[in-house]
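I would like the entire structure built from these sequences, with the hints used as guidance.
Each chain is listed here by its residues.
There are 2 protein chains.
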Amino acid sequence: MKKLLLLYLVLIVTFMAYLYTAYFRESDDGLNAVTGLHGEREEKYVMVNFLTGIDYWKNALKGFEDAAEALGVSVEYRGSTQYDVHEEAMVLEQVIARKPAGIAVSAINSEALNAAIDKAVEAGIPVVMFDSDAPNSKALSFLGTDNYSAGAAAARLMAELAGTEGKVGIITHPNQLNHQERTKGFDETLRGEYPGLELVSIADGKGDQLESEKQALTMMRLHPDLSGIFVTEANGGVGAGNAVLKEGKLGQVRIISFDTNKGTLDMVKSGTIAATLAQGTWNMGYWSLMQLFHAHHERSAGTPDSQDSGAFPLPAYVDTGISVVTRANVDRFYAK
Amino acid sequence: MKKLLLLYLVLIVTFMAYLYTAYFRESDDGLNAVTGLHGEREEKYVMVNFLTGIDYWKNALKGFEDAAEALGVSVEYRGSTQYDVHEEAMVLEQVIARKPAGIAVSAINSEALNAAIDKAVEAGIPVVMFDSDAPNSKALSFLGTDNYSAGAAAARLMAELAGTEGKVGIITHPNQLNHQERTKGFDETLRGEYPGLELVSIADGKGDQLESEKQALTMMRLHPDLSGIFVTEANGGVGAGNAVLKEGKLGQVRIISFDTNKGTLDMVKSGTIAATLAQGTWNMGYWSLMQLFHAHHERSAGTPDSQDSGAFPLPAYVDTGISVVTRANVDRFYAK
Chain A
6 MKKLLLLYLV LIVTFMAYLY TAYFRESDDG LNAVTGLHGE REEKYVMVNF LTGIDYWKNA
66 LKGFEDAAEA LGVSVEYRGS TQYDVHEEAM VLEQVIARKP AGIAVSAINS EALNAAIDKA
126 VEAGIPVVMF DSDAPNSKAL SFLGTDNYSA GAAAARLMAE LAGTEGKVGI ITHPNQLNHQ
186 ERTKGFDETL RGEYPGLELV SIADGKGDQL ESEKQALTMM RLHPDLSGIF VTEANGGVGA
246 GNAVLKEGKL GQVRIISFDT NKGTLDMVKS GTIAATLAQG TWNMGYWSLM QLFHAHHERS
306 AGTPDSQDSG AFPLPAYVDT GISVVTRANV DRFYAK
Chain B
6 MKKLLLLYLV LIVTFMAYLY TAYFRESDDG LNAVTGLHGE REEKYVMVNF LTGIDYWKNA
66 LKGFEDAAEA LGVSVEYRGS TQYDVHEEAM VLEQVIARKP AGIAVSAINS EALNAAIDKA
126 VEAGIPVVMF DSDAPNSKAL SFLGTDNYSA GAAAARLMAE LAGTEGKVGI ITHPNQLNHQ
186 ERTKGFDETL RGEYPGLELV SIADGKGDQL ESEKQALTMM RLHPDLSGIF VTEANGGVGA
246 GNAVLKEGKL GQVRIISFDT NKGTLDMVKS GTIAATLAQG TWNMGYWSLM QLFHAHHERS
306 AGTPDSQDSG AFPLPAYVDT GISVVTRANV DRFYAK
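So the sequences go chain by chain: A and B.
Start counting the first sequence at 6; every next residue gets the next number (our numbering).
Start counting the second sequence at 6; every next residue gets the next number (our numbering).
Among the hints, a few may not be true.
It does not matter which identical chain is meant; a pair holds if it fits inside one copy or across any two.
Below, a list of computed lysine-lysine pairs in the BS3-like style, where the Cα atoms sit at most 30 Å apart [to be verified]:
#1 K49 with K341
#2 K143 with K274
#3 K341 with K172
#4 K189 with K143
Hints are computed from structural coordinates only; laboratory data are not their basis.
The structure displayed is predicted, hence computed values, not measured ones.
Set out below in structure tokens:
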């Protein structure tokens with residue numbers, strides 16, 4: 006009889022547990038009614054780029070992983086370890102062969118990967134570009150910095166740091182389109198919004214630290230009253246910082262640099278570089294995965310079918326934005 | 006004894022049901038492990054615009070609703086029924102007072118709503134702009150058509166439809182920035198990519214059907230060998246269509262128009278207008294809600310905290326893209 010009672014007790018507790026579970030599933034934060042936007046663990050999205058080991062990509066991969074975590078899908082990180090067009094193309098071909106749910110690619114050059122990208126898209130594997138576009142490929146969209154806007158932001162920041170009257174210069178990489186756009190955005194914004202801030206010199210720093218240092222020294226000697234230099238890439242920013250230190254012009258010549266490698270951040274921390282512009286690399290990774298997920302699920306229940314609902318192809322372009330890094334917030338930007 | 010057996014049976018079945026439920030929760034599409042990206046039903050996102058009743062907004066609202074459905078949150082649609090700046094500003098103030106989770110605004114003009122938008126953002130209510138921006142407000146981002154790119158797409162389409170040699174014209178609304186950008190994108194793309202396709206005339210159709218018809222007639226008489234007209238807005242497209250019919254030039258002068266109101270779609274269906282460009286209004290609504298959701302949840306578990314993880318502010322701009330509408334796919338674009 007005691008045994009029977011015990012058995013009863015066990016079964017009754019089980020029954021209550023069942024009732025509780027059933028009730029819980031109906032009424033907690035909506036697991037039953039609302040499963041939210043999510044995929045399957047087996048759904049694998051791959052990020053492919055070049056120079057895979059550099060710090061610059063860490064936040065992009067983090068964004069890609071954060072989105073995958075939120076959506077319950079898997080990611081993989083591949084690419085060429087070297088700055089090697091053929092290696093990146095080969096890695097991309099290998100990735101395509103395994104038919105992943107989607108691929109986010111940063112192109113080492115704007116044409117070399119077109120054939121591979123087009124093959125993937127034609128085989129029904131969604132491909133989006135991030136950071137460096139392949140505009141003539143069939144990739145579904147591009148997520149990256151609007152360089153003209155970034156240059157315009159640098160101009161407004163310069164006016165804030167150096168005042169709205171005076172002389173400023175640019176050190177850039179004039180043969181690359183992204184640097185031309187940063188220069189144009191800076192120049193046109195000064196002309197349009199700060200006519201008192203005169204752009205007296207645009208120098209070619211060749212993307213090299215020592216050459217940029219030389220150009221900055223020349224610029225400061227030709228224009229002793231120079232109050233700021235916008236450097237459109239990171240090596241040149243450090244070079245210009247060294248030039249300002251050598252000339253003893255710290256506090257007179259404000260440097261605005263680009264990107265957030267360690268050398269640049271150290272100079273922001275010490276005050277040699279007044280500010281640098283951080284690209285939205287986390288956004289590039291996060292929203293790339295978000296777009297790929299939507300493309301992959303286009304015909305499933307979670308997202309509307311373009312045939313039926315008027316859903317559109319993916320947004321063609323996402324400006325992932327820039328953030329201003331100064332001494333006040335620099336610690337957040339060191340790669341982890 | 007029979008009763009006892011029955012009771013046992015019931016309890017055993019219950020126990021098995023419990024085991025099954027527990028197992029199911031662990032192993033089905035991951036409801037337990039993965040709840041996906043989702044909010045709460047009480048989380049309300051509001052779309053605010055002007056001329057709320059027009060067809061143009063239907064797809065934007067559909068996108069907004071589709072995203073809310075996917076994320077398990079609620080939406081509301083508000084705005085001014087008239088083309089009335091004060092009415093839209095008043096409605097926006099009312100919406101802000103009820104502290105929604107986020108607001109997507111299409112601004113009737115680029116300045117009038119700034120105070121209200123800034124107030125909302127300062128109070129911690131995320132605001133994004135869609136379709137019509139308020140660039141000097143504190144809104145977190147803008148989602149809309151890149152009009153320069155749309156004009157460039159129209160130029161490439163013209164070369165496809167009218168061939169790469171010949172004369173073409175534009176009928177536009179030269180005082181509005183979005184129309185200037187469409188014109189510039191068309192013009193520069195022809196010069197850069199199709200030097201054999203000459204832009205012989207840019208006329209002011211004043212956004213009016215009859216005026217545009219008049220301008221199209223004049224253009225065809227001045228240039229009897231004209232092979233195409235790009236009209237940058239919908240009323241003018243119908244006007245140009247009527248002009249082509251009157252002149253008996255159907256098949257010789259290809260018209261490319263803009264947007265997808267009924268008059269335009271009917272002319273695409275009949276072949277009078279060769280193609281029209283549909284804006285990505287569904288994308289505007291869908292990705293606006295997606296961004297607002299992320300801004301609202303910034304400090305919750307689902308999305309990374311910008312302080313900790315390197316997560317970025319929202320993307321600054323999303324080009325929601327355009328789609329080419331021809332006789333082949335026109336039926337999909339009628340408002341439902």
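Comparing the hints with the structure gives:
1. K49 with K341: Only inside one copy: K49 and K341 sit 25 Å apart there, 36 Å across copies, limit 30 Å.
2. K143 with K274: between (42 Å within a copy, 28 Å between copies)
3. K341 with K172: neither (38 Å within a copy, 58 Å between copies)
4. K189 with K143: For K189 and K143, both the intra-copy (28 Å) and inter-copy (25 Å) Cα distances are at most 30 Å.
Checked against the numbered hints listed earlier, the structure breaks hint 3 alone; every other hint is satisfied.
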